[in-house]
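**Q** As you go down the protein sequences, you meet chains A and B in turn. When we follow the working numbering, the leftmost residue of the first sequence carries the number 22, and every step to the right adds one. When we follow the working numbering, the leftmost residue of the second sequence carries the number 92, and every step to the right adds one.
Keep in mind that the hints were calculated from the coordinates and are not lab data. Every residue gets a Cβ at the ideal spot worked out from N, C-alpha and C, and that includes glycine. The reader is advised that the hints may include incorrect statements.
As the list claims (entries may be wrong) - Coverage of chain A stretches by chain B, computed from C-beta distances (three or more under 8 Å per stretch; other residues unrestricted):
1) 51 to 63
2) 66 to 79
Stated by the list, open to error - To give an idea of the interface, some chain B residues facing chain A are shown, with a C-beta separation under 7 Å as derived from the structure:
3) Tyr145
4) Gly197
5) Thr198
6) Gln203
7) Leu206
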Amino acid sequence: DTGVSQDPRHKITKRGQNVTFRCDPISEHNRLYWYRQTLGQGPEFLTYFQNEAQLEKSRLLSDRFSAERPKGSFSTLEIQRTEQGDSAMYLCASSPRTGGLTDTQYFGPGTRLTVL
Amino acid sequence: AQTVTQSQPEMSVQEAETVTLSCTYDTSESNYYLFWYKQPPSRQMILVIRQEAYKQQNATENRFSVNFQKAAKSFSLKISDSQLGDTAMYFCAFSYTGTASKLTFGTGTRLQVTL
Chain A
22 DTGVSQDPRH KITKRGQNVT FRCDPISEHN RLYWYRQTLG QGPEFLTYFQ
72 NEAQLEKSRL LSDRFSAERP KGSFSTLEIQ RTEQGDSAMY LCASSPRTGG
122 LTDTQYFGPG TRLTVL
Chain B
92 AQTVTQSQPE MSVQEAETVT LSCTYDTSES NYYLFWYKQP PSRQMILVIR
142 QEAYKQQNAT ENRFSVNFQK AAKSFSLKIS DSQLGDTAMY FCAFSYTGTA
192 SKLTFGTGTR LQVTL
């Protein structure tokens, strides 16, 4: 069990550029979550996958944001036409699914995005 | 929608002492889960302790324990015998039971453990 990994760890881009982040969950975890954390705040939910199905999206996820999880394994989060307000830490988490109980979410190290 | 409030932005405690971090939440549901997560500087977030709302007994994990007051919607974290490695941001979080299980976090409390 290598934990949740995210790539890249840091990304600096210019306003208007597109960026894509990758998350590899713990193997056999079928739930995957994306959160955004801005400075001095707690993480905020963006979206959630169960296997390859995207089941919920936050209103924070504007039409410039898109997330995929092909084949129910790794996930990508793409931001098009980045804005300075997109600067944040993007966190990925995964959890197993056991019965009807909420399961512990295991977080990755995050991708810190800076938009100049 | 549920909200989570952490009213202590920063706290400091001496090594080996005990400290309590506060958290209140607001929800109209009766079944839910509460969590404390720890985020050390430049390191990833890890779960410290969790509490199911239907359980009256307060959760404990080694030096960490909670005081869960359901009627008051309060969920405080007590750290006993504080260690330098406990220095971190601590986030209180809430989730409903059910399929989504997304977490709603508070703004965090920065805990500094000093010698």
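**Q** When the nearest CB of chain A is found for glutamine 203 of chain B, is that gap smaller than 7 Å?
**A** 16 Å, violated
**Q** Under 7 Å is the threshold here; is the Cβ of threonine 198 of chain B close enough to any Cβ of chain A for the hint to stand?
**A** Holds: closest Cβ of chain A sits about 5 Å from threonine 198 of chain B, inside 7 Å.
**Q** Could you check if glycine 197 of chain B really has its C-beta closer than 7 Å to a C-beta on chain A?
**A** Check passed: Cβ of glycine 197 of chain B comes within 5 Å of chain A, closer than 7 Å.
**Q** Using Cβ atoms only, decide whether leucine 206 of chain B comes closer than 7 Å to chain A, and label the hint accordingly.
**A** Leucine 206 of chain B check fails; min Cβ-Cβ to chain A is 27 Å, beyond 7 Å.
**Q** Taking the least C-beta to C-beta distance, is tyrosine 145 of chain B closer than 7 Å to chain A?
**A** 11 Å, violated
**Q** Examine the segment 66 to 79 of chain A: at least three residues should have C-beta closer than 8 Å to a C-beta of chain B.
**A** holds (count 5)
**Q** Three residues minimum, CB to CB under 8 Å: does the segment 51 to 63 of chain A make the cut for coverage by chain B? Let me know.
**A** holds (count 6)
Comparing the model with each earlier hint shows violations of hints 3, 6, 7; every other hint is respected.
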